[in-house]
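Student: Work out the full structure: start from the sequences and follow the hints.
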Amino acid sequence: MIATHWPYGIAAWLFMMGLYGIVTSRNYVHLIMCIAVLQSSTYVLLITIGYRSGATSPIFAKISPDTPAVDPIVQALMLTDVVVEAVVMALLLSLAMQIHQRTGTLDPDKIRFLKW
Amino acid sequence: MSRRLRSLLFVPLAAAFLVLFLSATVGIPAVGNYRGPYGDVLNAVAVKERHSTDVVTAVNFDYRGFDTLGEESILFISVIGATVLLRQRPDEIKEKDKEEDDGRHVPKISDAVRLLCLALAAPAVLFGIYVVTHGQLTPGGGFQGGVILATVPLLVYLAGDLRTFQKTTPRILPEIAECIGVGGYILIGVAGLIWGGSFLQNVVPLGPEDAKVYSGGTIPLISVATGLAVTGGFVLLLIAFLEETLQLRLKGKRGSK
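Top to bottom, those sequences are chains A and B. First residue of the first sequence: 56, per this note's numbering; consecutive thereafter. First residue of the second sequence: 255, per this note's numbering; consecutive thereafter.
Keep in mind that the hints are not guaranteed to be accurate.
[Unchecked claim] Heads up, simulated DSS-like pairs for lysine-lysine below, C-alpha to C-alpha not over 27 Å straight-line:
no.: 1; chain 1: B; residue 1: K302; chain 2: B; residue 2: K466
no.: 2; chain 1: B; residue 1: K421; chain 2: B; residue 2: K362
no.: 3; chain 1: A; residue 1: K117; chain 2: B; residue 2: K466
no.: 4; chain 1: A; residue 1: K117; chain 2: B; residue 2: K302
Read the hints as simulated data drawn from the structure, not as lab findings. None of the values given here were measured: they were computed from a predicted structure.
Tutor: In structure tokens form, the structure reads like this:
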């Protein structure tokens with residue numbers, strides 16, 4: 056089980072670490088980085104699902120199309136996600152900047168209108 | 255919700271997640287035994303059907319082109335959101351001026367950093383264009399190349415050449431690139447609708463099968479559109495984040511001269 060499925064464990068571990076960071080965060084910038092960590096777990100998961108041992112990458116520029124290759128779909132999925140994630144991070148960071156400008160703090164617990 | 259309560263809630267939920275995740279993992283085949291049919295089908299047909307040797311790009315910009323359009327709109331909307339959030343009010347600049355007076359001054363940029371950044375700028379342009387235009391043949395495409403191209407203004411900024419940065423990256427340029435990128439993508443899709451019968455249908459001649467820069471039909475076109483949108487988006491973010499600092503530094507320079 057561990058010998059054959061460990062990359063899934065890495066995905067779960069990254070997800071849990073990111074989530075733990077979000078739950079216990081005392082600073083929005085830290086929280087946003089935790090979201091990035093959490094999201095990177097999906098990359099590991101996707102790439103792992105499409106992996107085939109001994110196979111090559113799905114690029115047939117120099118090789119015959121019959122060569123066994125890994126799944127191109129999951130790779131395409133995560134490729135777009137990496138770029139989009141970077142931009143979403145920028146959006147979140149600019150939100151954090153706005154919050155700091157308005158309230159003078161980045162601690163989620165010190166901001167009254169976010170409490171419930 | 256208090257911090258304590260949140261942490262207390264986290265523990266049982268995390269345990270529940272781990273149990274569910276583990277039980278789900280047991281059911282799937284071991285790593286390296288990919289079985290799903292779709293990847294294999296695409297690997298087998300993409301080169302012949304689309305004359306594109308990089309199947310990942312073919313999936314991105316053709317087979318799942320509509321999905322990528324959605325991703326690009328996320329990028330577009332995020333960039334708009336960030337620029338709107340970061341826009342300056344006139345009173346902010348004055349506040350920041352005071353901060354600078356309190357001994358927070360900008361350190362000088364070393365010559366080594368300067369030389370390296372300026373030397374890297376031109377190769378980065380070439381490399382970025384190469385990656386964008388060869389996406390259908392070798393690893394690359396609009397997303398990757400766009401990010402590489404967007405590093406060029408950052409390199410110019412890091413080199414401390416603020417006036418060149420302002421001159422080479424007026425706000426309007428990335429805005430135009432962003433609009434052409436997203437609009438072009440949609441137009442290519444509509445062209446497919448008109449001449450092919452469905453949105454994003456590959457209606458442009460596929461070109462030679464032995465993979466040239468112009469093979470792949472709409473794939474290289476969409477790749478270029480995406481490249482423009484990604485470059486524009488990242489540069490707009492860069493300008494939005496740097497605008498404040500830039501204005502201050504330029505003002506400081508003028509004052510000392």
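Student: Work down the list of hints and note, for each, if the structure agrees.
Tutor: Comparing the hints with the structure gives:
no. : hint            : verdict
1   : B:K302 x B:K466 : holds, 14 Å
2   : B:K421 x B:K362 : holds, 21 Å
3   : A:K117 x B:K466 : holds, 13 Å
4   : A:K117 x B:K302 : holds, 14 Å
Consistency note: the structure conflicts with none of the earlier hints.
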